[in-house]
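Knowing the structure of chain A, use the given hints to seat chains B and C on it.
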Amino acid sequence: MKRIWKKLGIILSLLLVAIGLAGCGNKAVNKSNVYQHVKKTNTIIWGVRNDTPLFGLVDPKTGTLRGFEIDLAKALTKEILGPTGKCKLFQASAKTKIPVLKNGNIDVLLATCTITPDRAKVVDFSKPYFGAGQSLLVPKTSSLHSIKQLNKPGTKVLAVKGTTAIANIQKVAPKAKLLEYDDYGQCFSALKSGQGVAMSTDNGILAGIAANNPQYHVVGGSFTTEPYGIAVDKGQHQMRDEINKAFAKLKANGTYDRLLKKWFADVPGFNYKEVEK
Amino acid sequence: MQNWINAYSATNLRFLLQGLWVTIEVSIISILLSFIIGLILGTLRYVKIKYLSKIVGVIVDVIRNLPLLLIIFFTYFGLPGMGIRVNPMIAAITALVVFESAMLAEIVRAGIAAVPDGQMEGARSNGMSYAQALFHVVLPQALTMMIPALLSQFVSLVKDTSLATIIVLPELLYHAQIIYSQDPNFIIPMYAMIAVMYFILCFCLSRLAKYLQTRLANVF
Amino acid sequence: MWQLFTQNWQAFLTGFWHTILSSIIALIFSFILGSGFAILETNPNKFWRGVAKVYVEIFRNIPLLVVTMFFYLVLPKVLPAMSGFTAGTIGLTLYTSAFIAETVRSGLQSVGTGQMEGCLANGLSYWQAMKNVILPQALKITIPPLGNQFVNLIKNSSVLAFVAGMDLMYQGDVIASNTFQTIPTYIIVGIFYLILTLPLSYYMQYLEKKLA
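Each protein sequence line maps, in turn, to chains A, B and C. Counting in the working numbering, the first sequence runs from 1 upward without gaps. Counting in the working numbering, the second sequence runs from 1 upward without gaps. Counting in the working numbering, the third sequence runs from 1 upward without gaps.
The hints are simulated quantities; they were obtained by calculation from the structure and are not laboratory data. The model shown is predicted, which means the values in this text are computed figures rather than measured ones.
Which bits of chain B does chain A cover? Going by a derived footprint, with three or more residues having C-beta under 8 Å, they are: (1) 57 to 68; (2) 74 to 85; (3) 162 to 173; (4) 178 to 184.
Ideal Cβ positions, reconstructed from N, Cα and C, are used throughout, including at glycine.
Next comes chain A alone, as it looks inside the complex (with noise of 0.2 Å):
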């Protein structure tokens, strides 16, 4: 029994050296300009979602990504890098996102990001590309109309991990209780089996899921303004730069307004000009 009591002692110790160490290397990451990485190796690699419907989705006919944001991805890296340049797409869910941002294993994400105060302090965001808003999404057969409902005690709300829709329905609906999930596919599912009484994220994700599903409407109009941000790693200022230049190009010659009838046009309940920045 004391050889036990030893072992442990000298784990826990091993252990809160190892904490030491790794709170002082914290700071060690590489943080060179990720323009002139960018530029030098002619390819961005790029953070996108995969199991949103409109805006970056795997397509298993093919195994490849669809969806808006994959197409300005593509846009932009033709614009920034000329028509040689090379766009890699790294799969990243809600709640993985940020910290592949940061910790360096992509160069920038388009990945149905608001901008946030919280966000802004970890990371460096464009100009607003789309501007979505929060909404709840119920079964057509629910009593449910606006986002005051939800505020009672036992109530249930899904939300994704690492969305806005948590700290948003906190603010509004205090009372209710937030279940969270890793992919809206989880999510959706959760809600059609019952597990809570509705979801909550951007209107823009609520439409693809209902434009699908039609059992299902979105309801209570946008509760929140949610602009979406293309973000890069903090102190990033001449990626940042060059990625709004790309930007407002491709709003000059029409290709921004393109893609989005593309993908949203046909969207029922949803009038893409609304969400046009």
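Same frame as chain A, but now just chains B and C:
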């Protein structure tokens, strides 16, 4: 019923099989690497080299007492911080190898310890060196005894690859999730199908284990 | 890192509590269920042996995550909705019980058929012999491997995070995505797991040596 028929379309099944192939690939690479590393670490713990064996012991104990999910996060989020850019494949294989090597090291250590001391003493008194006795007498016996435990650990490894969906590794479970992201009505058919696929894969591996066990028992 | 802990200690402790709770509930029920199936597996009746065998093989060869997701997403279609915690704990129980059944079965078989025959010859019934003679001996042999199963069970309870099960891993995910301090958060989560698993697995090593 219509859902089930639509869910098992040729494209979806092909997409699932692609995922199954990634699962198999990751499993084979991880099994080979972790077996080698686990064998080395387990032997190191047994032979008691001053300090080295103690340090290996502590590291192995810490790793095998952590959830694999946590180790996957550490490799996926942590390795890039050390200047290594990872894709989910590398992160998943690294995590599986680190975790399973620790689990296997413990099995190897226990296996060697279970060989009676008399074997080592007998070999030494017949003029063998310590290393000769270890590699020619003790280890072969220990390995035969370990086979059931080793193989059930390998089956666990195959099942554990499913945890790597969380870092977007395109394996079987993840491909199923992609399919039901297109149409959430497919969720039950998809889970039913991948359960069957995992079962066949792991069951074949367990059968192979049983077969090898009886064959080897006859050899020694 | 200390600051991260002091700012979020309630969430970490809630998670720690749910991990402990789910592990203990799953341990108790999987032990009962597992022993039951182990006895069935050694039963002379071929039918019951077959039933037990199928149960054990199914749960041993399907990933825990798939089992848990099944209970969480599929079962509510027939039964009223269950929370992630309940679904996760049920998944964990059934999965672990298959492993416990295997452990207990090999314990039972190592006791040897001679003892059972002796008991029957001395006028004890099958169940009396099982309860008073065979099981106590078998359990003594199986305590260290059962302990290791419990350590695995605690580690496996981290899949509750996938189904919003309020456990340690889930709370870690939530904290990490709110504070953006990914690695420090998971280090704290790791320490909490070690607090549970390390002493237990060392105690099992100690018992193994003592009983051997």
